[in-house]
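Chains as they are written, first to last, in the working numbering: chain P, 197 to 534; chain X, 4 to 428; chain H, -11 to 312; chain U, 62 to 561.
These aren't lab readings, by the way, just hints derived from the structure by calculation. There's no promise every hint is true.
[Claimed, not checked] Far from chain P by the CB rule (all over 10 Å, computed), these chain H residues:
1) GLY24
2) VAL41
3) GLY86
4) MET125
5) GLN132
6) GLY154
7) VAL163
8) LEU189
9) LYS198
10) LEU203
[As the list claims (entries may be wrong)] Only pairs whose alpha carbons sit at most 27 Å apart, straight line, appear in this in silico DSSO-like list of lysine-lysine:
11) X:LYS295 - P:LYS240
12) H:LYS84 - X:LYS195
13) X:LYS412 - X:LYS359
Where is the CB? At the ideal position from N, CA and C, for every residue including glycine.
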Amino acid sequence: MKNRSKLKDILFTIAFPVLTWAVMELLCLIFKDKHVIATALDIKTVIRNTGITAVTAYALSFNLKEGRFDLSLGSQRMAGTIIGGLLAMALGLSGLWLLVFAVVFGFIFGILTGLAFISLRVPPMVLGVGMALIWEVVPYVISGGKGLNLFGVEGMGILTESWFQILVVVIMAVLVYILMNYTRLGYETKAVQGSQLIARNSGINIFRHAVECYALAGALVCIAGVLDVSFSTQMASGLGNTSNGVVTANMFAMILGGYIGERTDASVGILDAALTLTIFKYGLSLMEFSDPVNSVVNMLIFIGFLVFQANRHKAALGRARKARIELAQKRKAEMAAA
Amino acid sequence: MKKIIALLLAVVMVFGLAACGGTSADNGSGTESGTESGTATGLDLSVHHKVGVATVHEGEAWEIAKTYLETVVGPTFNMEFIYSEVLHDANGLIAFMEQCYAAGCDGIVNLVTSNDAIAQGAHKAEEWGMWFTTQNSAWVEEVSTLEHNIGQCGASPESVGEAYKMAFKQILSDGQPHSVVLFEGAAVGGDKGQGAASHFYSAVGVLEAFQETYGLTYDKPIADLVNQQDPGEVNTGNPDVHIYLYPGRNPGDAVTALLPVLQTGNYDCFAAVFSYAAFTNAIADVEQSTGKDIKVIATGQIEQQTKTGFESKDPTGDTVLNGAILNDLSLACAINCIELMHAYSGDVASMKDNGKTVLLGVRSYPILGADVYAKMEKINTAPELYILTSEDLIALAQPGVTWQDLEAKLAEVADVNTLLSSKGL
Amino acid sequence: MNEKKKANPIRKILESRLFSQIMPVGLLVILTVIFGIATKGRLTSAASLKIIVEQALVVATVSTGGAFIFASGNVSLSLGATTVLTATLSLLAYNKTGSIAVMFIVAIGLGVILMTVSALLSTALGVRVMYVTIVMMTLLSALQQAILGGSTVSLPYEVVQKLVKGGVMYIGFIVFFIVCVVLFHMTDIGRSLRFIGTNNLCAEQTGISKAKYLLIAFIIAGVGCGIGAILAIIRGGSVGTSTLPSLNMDCMLALVLGGMSIFGGSKSYVYSGVVGALTVVVLNQGLLMIGVDATIIQAIRGIAFLTLVTVSQVRPKGLPAPEG
Amino acid sequence: MADQQTILEVIHMDKNFGVTVALNDVSFTLERGHVYGLIGENGSGKSTVSSIIAGMQTATKGDMTYKGQPWKPTSMLEAQEHGIGMIVQEAGTIPNITVAENIFLGHEKMFKKGPFIDRAKLTSDAQKLLDELGIKEFKASDRTGQLDMQMRKIIEIAKCMYWKPEILIVDETSTALSLEGRQFLYKVMAKQRDENKTVMFISHDLDEMMEHCDKLTVLRDGVIIGTLDKSEYEPNRIRKMMVGRELKGDYYRSDYEGYSDEVVLTAKDVTTLNDLLCMNLELHRGEILGIGGLSECGMHTVGKALFGIEKVLDGEVRVKDGTLINSPRTAIDHRMAYVSKNRDTESLGLSATIAENIASTGYKINAFFGNLISFKKEARYVDKQIEDLQIKCAGKNYMVNTLSGGNKQKVVFGKWVASDAEILVLDCPTRGIDVGVKASMYKLFTDMKRSGKAILLISEELQELIGMCDRILIMKDGQVTREVMRAENPTESSLIDYMI
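Please work from the sequences and hints to get the whole structure.
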């Protein structure tokens, strides 16, 4: 019995990307006479975009599920990636080190944001607005406004290798899975997601916990930054509190992932959702939807999903109500008879 | 108590930072107003001027231009520059100009390229009596008669178009059918003063090169093709020649959207009317996947990324960058500042053609090989290696030098070989 | 444990209503005076003050409308995108018809429609306001991009001049602001929204319908976006995909600096947006005038913002969250 | 040896919050094998002293010894690990984790295996504990969210008992428990005593305290007024010690005045999704109608259903003029009022001011020109209530969360009294309120009744029902099963019999 439901859960999880692929494949064949995934390059692209989406969604989820929406996450991504990249380049090190440095710097910016949070104790959104203003300036000043440009830099080749990107995404997914299920942090995270107040009263150090979440989010989001820059070769050092767009764009993956993950596990769900959405977007771009139109379609579906999620308990509720009314009618009849 | 300390700390921090950034606040007398028009007073380099520079650029090339302004133009003309954050539109320009006005600037170098930004900016400048000069390839007539609008310079549309046309004709000259993906940047509306004129004419140049080489029959005039807002394939009338146009300002978005297009294997040329760097990995991936070489021609500056492009090899063994159309930002900035100096000297008339502003064309340099670039890259690396040196600047800023003289000077430095030899390279 | 709190006097001051109302205004005045002195009066010259006010107008207008949403304890992230899309479409409407009246009607109508859609998604379909607004933010700017492509739309300069000369910016703002003050502080709308922000369960049980008042809040915010769009058009003369990219953030910044709690509720004031927007501009302008680099100013803005928020709030014992 | 019997000593303890003195030179000794009661009004310091012992806060001055050693705990965890466990008033459990995880919340270190947590051991240890305590209603691996509030409270007790505390501190726990839950708690306390350990029991409920405590210590304003042995217990004496002034033993109403025949509110065959099934009642003008029952009988849903908060699936609620009540708005428009059992979360805006809370019912009443609100009228509206109800506050513009429980409740009443409500649905209105305020509340109810208002009093305190109501409806399984008239002079035990 239990095994069967597990099998169902697995099928449910696999169904999302597979069905999406099937639908897009069909549409592409009908309208453009193309396959969604035809070459090794397609696979590579899908993997990379899935990775970026999934990592960013993980990073978002750490804080967001505990009620902290960190609006400075995008600036941490920018700062960590650019500074890590510049350092690796200055030291003449390879792409692997770039990743390591970026993660370390992301971690540091995350910790600093977290420390600012627990010491200032202003609402997370307010903190995010303020910190984003500050963090955006850091890479700008350090890079002299030039941002990061990896084009033609020796040793960065590894970053664009498919096997390397797959490895990064897989290792990261496994790490997050272990972290969330088998460690103190995971335990605490679930508890704080349930109720910060109770968790605190039970002796969980929510201050340390918050810093840990911020630090992890910072590190993760920089992995996304590196995956991104490895492909586009450059990351501009933008100012004006506009850096967070790249992060919020992955909200859909996080929420869809949370839904899929109810059957299995949140970390699996997010990866699954990221894959699903990536295939969907890739399919749309194959059908020559321009980027803004692609976004519009995605967001409309996102709204649809949010509406579904907010109302999916309604059917069950309706059934329960109906049953209750029937029970009441029966009882009334009994009483009238008595 | 803690609160008070925190407050004090904050104040100290704010002013401390302010002090760090604000070393130049108290030196120089600072002209309080910019209304010095009137009779020509001659070139007076003892007067300190504050000039606001409204930029749309960021990155290495812009930093090089900034260095030029700081180390050569500023000291030569006794100018102090205030730089904006990266601006995008008229709103940003106006806000920045307001700040400049309040900070005591008497001149604006505007790099925001859209007619309405230029018009709004020029009007504001007129209202406040600040001198206003612009970098844009399209002449904005509606504000050309304003007194304080003293001129425009920019990549001359013909030259940039010509450069692209020439570069492509050379590639297409092998008699084989070629196809191109063209990243048009802000070309849409460039001829009507909405996008960037240089992008528009670059795209036109490419389309003309193809048309003339293969005798293509586009189903619309070239200008209309370039002005289409949606990306897509152009109807070329030749089944072997494909042209895909992608308008958009964000290279990141463009890469995602163009990757599947390139991957069809139909295209063996790629042209970008501005930075191409974001596309390098995508193109390399496609080359690897299809085994076909893709020729890349892009607008560039004299900077590291262009150098690397000419020197690196792509997966098929060709150079990554096959041709660069160089626009020199430093030169354009110098021309803007020279125009300002004329205005400060009361010599506005010689910068205008019958009271109307003039568009001075800064020529683009088409560079079609690593060897040429190797020489060109030395430009802008030392004070005497800028296209316009300190002496040139002073000579051109003398009252009596007219816009025709400036135009002549620009023509003089327009040819790559002449330029290189004049610098001893 | 209900020991009577008799905290230290500073805490008492911070908790008092009057302080939280006056502090932001006082701060604005102090900043103006400090920078006035530091710039030897240049900042406080009439021309400069006019500039400051004009720079603050768009953010002030949009955040004044937004205050209604924030008061109810909801965070809206789509005010900026709504304003920009509205500006774009109303400009296109002008270009089609050549009528300023049409432009105005389209702007306000569209602002209201877009915000109403957001509100209904939340109240009728039960999606959390923050998520709705995040989606709307992305959706609306993608729509704008799809409509405009890489180009910009603009209003002819003579028309802009006419509108500026006619004082449309000031009139638009002042009328809207006065209406908002009345609605917020003198009718059941503001009071109900604040009460919903304090405790929406209690509000519901006191007969205050969350769905109804949230809809009203979004409609008012929509009018704010519409007027803000017109002001943005008049100020810039044109709208493109990169117009006012951080408007929503600026509004949040302004509201909080202006003394409003991001969680809404009792400590919500409709004038917060105006005070905050002015504060940001004065800080910017003042620093720029004393010669600080534009880049550094952004960091200072961030530090000053966080410091002010920290200093002016009662530091919670736990981590800040609606539950405490 | 007497010394071996002494487990904890508190010596000259002071605790100040700013200028407020919460504890003033408090000294006492706890011995093994006893249940100690600590009683006093809100703010008397009883929670303060117990929380200092349990490590939640530190004393300003004074010492403690525990098992002969100086005792200065820095956290609840430290105290717990040393054998002092406390069940807190409002701790709660987290719904999205398992029972086992809740039990070991904050102690996950114990199950560390390298960098990981051994979840299997965590669950089995928790199950062992549940077995020991004889809890069969749920398993350690169950998700907490599936359990009802009762069961969750029992998890908290289990959580505390895992540490086999030498001293068990129970702070106001019983108020949240039903009769069965209480029985479980008393059993745990008794077991503790039988094992020669100690219990410190804090509660408002005097009867409960007298029944289960071996000794009672009375605190008032941070000072120990006295300690009584079981033989010395006498309710009036204890009350007097608590409030420091003579209180009439019976502060309920003593009259037998009837009520009008006019029905103002009817509930006919009301069925809700979970709790009510064909519930009927009629409320009359000038009547105080009581509703009692075991806590899961559905009585708390009655209030919500009548007031239109809980959706009525079948049946109907109507007021005198026949209007169907289906939302709070219609209810209020027909001059109904509702005071929730969960005062702080449902009936008050804690971070809003007193004035804002009271004025929240009067936006329409205080309008003068269309929808414009007259500040003058509004101020009068608020001031009148603060004055009439004698709400003790520093000013009407102070936040409600600066008030004591009793005064908070007065604010809730204030907003409804101000709106001139005719029908008041009150769910446990005197819950967690100290004796003094309680008395004034009862007087208020009586006055309202006399002025012709109708009151529906839902209460878990049988004394209150017996003392105040004209009629008592006993509920079971979502239905009214019994009606008891005031004239019958019911006793507590008879009511309990009806309930079961």
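For each hint, the structure was consulted:
1. GLY24: Its Cβ never comes within 10 Å of chain P, the nearest being 24 Å, so this holds.
2. VAL41: holds, 21 Å
3. GLY86: holds, 28 Å
4. MET125: violated, 7 Å
5. GLN132: About 8 Å separates GLN132 of chain H from the closest Cβ of chain P, which leaves it inside 10 Å; violated.
6. GLY154: holds, 31 Å
7. VAL163: Fine: 29 Å to the nearest Cβ keeps VAL163 of chain H off the interface.
8. LEU189: LEU189 of chain H is indeed farther than 10 Å from all Cβ atoms of chain P, at 17 Å.
9. LYS198: Per Cβ check, LYS198 of chain H is outside 10 Å of chain P; nearest 15 Å; holds.
10. LEU203: holds, 17 Å
11. X:LYS295 - P:LYS240: holds, 18 Å
12. H:LYS84 - X:LYS195: Given that 27 Å is the threshold and the Cα spacing comes to 17 Å, the pair holds.
13. X:LYS412 - X:LYS359: holds, 20 Å
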